[in-house]
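Those letters in the sequence shown? Residues 1 to 810, by the UniProt record's numbering.
Because the hints were derived from the structure by calculation, they are not lab data.
Any given hint might turn out to be false.
As the list claims (entries may be wrong) - Using 35 Å as the maximum straight-line C-alpha spacing, the simulated DSBU-like pairs for lysine-lysine come out as follows:
id: 1; residue 1: Lys170; residue 2: Lys209
id: 2; residue 1: Lys754; residue 2: Lys764
id: 3; residue 1: Lys734; residue 2: Lys764
id: 4; residue 1: Lys123; residue 2: Lys170
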Amino acid sequence: MLFKVKAEIEAAATAELKRSSSGRKAGGAGADKTVGMQFKQSLNSLMTNINETNVNYVRCIKPNSVKSSTVLEGKMVANQLRCAGVIEAICIARVGYPNRLLHAEFAEQFDIFLKEKEQNQLKEEPEKYGAPFCRHLVKQFKLEMPEEYQMGVTKIYLQKGVLEKLEHAKAQKLFAYVALIQAQWRGMRARCRYYEMRDALIDIQRRAKVFVARCRFIRARLAITTIQRVYRGYVGRCEFHAVLCEQCALEIQRVWRGHQGRKNYFAALCELRAKQIQRMWRGHKGRMIFYAVLCQTRAVRLQCFARQYLARQELYRRRAAYIAKLEREERERVERELEAARQRKLAEERERQRKLQEELARLEEERRLEEQRRLELLRQESALVIQTHVRGYFARCVFAEMVQEAEEQERRRREEEEERERIRLQREHDEREAQRLAAEEAAREKKRLAEERKRKAIAMRLRREKAVTNMQRLVRGRLARKQVAQMKEEIRRKEEEIRQKEEEARREEEAAATRLQSIQRGRLARQQFSTFRIEKAERDDEIARARKEQDEEIARARKEREEEITRARMEQDEEIARVREENMRLKKQLAELQKTNSELEAVVAEYRCDCDVVKASNNLKEVELTQKLNVQRKELETARGEYSTLCDFLEKTGSSRRATEPEDLNSSDNSSDTSSNYGEEDSEHWREDRPTVNSLAASYYGDDRPSTDIAKLLGSSQTRTSRLANAMQQRRQKASQAVQQRKQQATAAMQHRKEVAAQRKEQKEQTTQSMQNGATTVTKAKKWAAFARNKNAKKGKPEATTPIDLIESS
């Protein structure tokens with residue numbers, strides 16, 4: 001809008017200028033239009049445009065100094081707002097009355113608190129009734145005049161937070177209306193559902209009563225058939241048991257005769273096995289003696305292999321530990337790098353999220369303001385739309401529930417029909433199966449029974465059928481009377497009493513069935529127990545006789561064993577004494593060998609440590625020397641750079657003097673040629689003869705101090721390199737001397753080790769000869785050493801490291 005007004009002003013000004021210039025050219029017509037008149041006319045046109053339109057003033061703010069669309073400099077923006085007076089204007093608006101509404105707008109916004117008649121008047125004539133209704137609403141809200149609002153001629157001014165409180169009260173009233181509508185609708189739905197459930201419950205009760213009566217009739221009929229089947233089975237089992245008893249008697253006689261024959265055979269077999277065991281034991285003792293001698297001859301070789309294996313295992317273990325250490329260090333380094341990268345990435349992500357949140361907050365604020373502006377316009381339309389949608393939704397819900405209930409009833413009806421059909425098919429199948437089983441059982445009975453029992457079976461069958469028919473007649477009569485009584489009681493009594501009686505009747509039937517089953521099972525169990533008791537008595541007699549014979553044999557074997565043990569103990573005591581003496585002597589030899597071995601290992605370790613120290617010192621010295629050389633090179637480079645810059649400066653500043661005084665220049669050149677030969681004695685005069693700011697005379701050029709400085713540095717670097725070379729030569733000589741000493745010590749240690757190995761070899765030859773002479777002694781010592789080792793292992797003691805233990809481990 002401002003740009004449009006500005007363009008109009010500029011167009012008007014150019015038109016006036018053209019008219020004025022054309023008037024002057026035409027003979028001075030219109031010469032009375034001065035610059036002040038033109039400015040006045042432009043201001044008048046601007047004011048007319050402003051009064052005719054609704055002007056919005058915009059302040060332009062520069063967000064950053066780099067002209068980027070994504071960067072916002074907070075300090076720069078705050079400074080611009082502060083200079084433009086925006087912050088002060090906002091503070092003043094907050095202190096005053098920031099919310100301003102026309103009387104009609106305020107009354108229309110909160111017309112929900114007015115009566116229906118007042119709302120209609122406000123819609124018809126808002127300008128007339130806006131102010132009185134606004135005052136009425138203010139009194140209704142109990143707002144205080146100076147603290148919370150002020151009434152103007154056309155507007156009402158509200159303090160900060162007052163409009164929000166009024167909107168909250170409006171929302172509460174709307175929520176109350178919504179809750180009332182919801183309560184009425186839910187009550188209507190609940191009442192309809194109650195009526196439907198009551199009708200469905202009556203129908204369900206009627207169907208349930210019919211189903212219970214039908215089930216009770218079917219259960220009674222099944223019980224009658226079960227009783228008939230059980231009774232027929234009982235009669236058949238009694239007849240079968242009589243035949244089975246005769247067969248069992250014959251089987252018992254056969255088993256007893258077989259037991260007597262097996263007993264005699266087992267006695268002869270035990271005698272034969274005893275002879276075989278004695279023969280195997282004598283062979284085992286001979287093989288053990290041979291095995292002990294063979295183990296003794298191979299002990300030395302196995303010990304050598306064991307030492308080699310242990311050495312290799314130690315080497316592998318140390319190598320694996322070193323590799324694991326390197327891998328662990330590399331893994332830690334990689335983890336540190338990954339953690340640092342992750343932290344950097346998290347910091348970048350946090351910064352990006354912060355910027356996005358700020359942008360989102362700004363956009364959300366703009367959206368909220370736009371929604372508040374449109375909310376009042378869409379309120380009535382949205383209310384109507386919501387009501388139509390809610391009514392449609394509730395109607396659809398009711399229709400869906402009705403359809404679902406109809407489908408559920410149809411599904412229940414189909415399930416009931418399927419259940420009835422399944423029960424009918426199952427009943428027919430059971431009847432056919434019962435007929436088939438009865439036919440098969442009759443056929444088997446005809447085959448098993450003999451010709452002489454046909455008449456008895458026929459008479460018994462007649463009696464059984466007569467009894468069954470009587471029982472069926474009685475049961476059917478009782479069930480019919482019971483059903484009639486129950487039907488009369490169902491009409492008179494409540495559903496709970498009927499359920500209790502049915503439960504009691506079911507329990508009585510189950511108790512009667514369980515009593516019949518327990519009686520039958522008890523009779524069968526007593527018969528089986530009598531047979532088992534006879535068999536157990538016979539088995540106990542046989543076991544007692546066998547145990548008596550075994551006790552006698554065990555007593556004889558125990559006496560023989562005790563005699564052998566006493567003889568073996570005497571021999572073992574003597575062998576133990578000899579083995580202990582031999583063990584002590586071998587322990588002493590082993591201690592001496594371990595001592596010499598530890599000394600050799602200490603010498604080797606010391607030699608290795610010295611080598612490592614020499615290598616480390618050489619490496620450190622080399623590093624220090626290289627660092628010093630690098631420092632000297634850097635100093636030389638800096639001196640050369642300073643010298644070159646100084647020469648350039650002197651050439652620039654002394655060009656005029658060289659042109660006027662050529663003799664001084666020649667003298668300075670000659671002196672510079674001779675100054676490079678200065679030695680270390682002139683270094684003390686350098687500080688005294690240093691050039692000052694005004695030192696531009698010929699004496700400075702005659703001395704040529706920068707060239708002297710460089711010569712000194714070169715001379716000092718040469719002396720340092722020579723000193724370093726001498727130090728390195730001395731270090732090499734000392735290292736060579738230390739290596740020669742370590743070589744001499746190593747050769748002496750190797751010679752000593754060879755002598756010890758020769759002595760050990762001679763001792764082993766002597767021990768092998770002595771073992772060959774006394775093979776039986778070594779074998780028995782081996783046995784007792786193994787026995788002692790096992791005993792120590794059970795007690796948790798550490799095993800001894802003696803040569804005998806090594807032989808046993810091999």
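Hints, one by one, checked against the model:
Taking the CA atoms of Lys170 and Lys209, the gap is about 58 Å. The hint is violated against a cut of 35 Å. The hinted pair formed by Lys754 and Lys764 meets the criterion: a straight-line CA distance of about 15 Å does not exceed 35 Å. Our distance criterion of 35 Å between C-alpha atoms is broken by Lys734 and Lys764, whose separation comes to about 45 Å. For the suggested pair Lys123 and Lys170, the alpha carbons sit about 19 Å apart, so the restraint of at most 35 Å is met.
Hint violations for this structure: numbers 1 and 3, all remaining hints satisfied.
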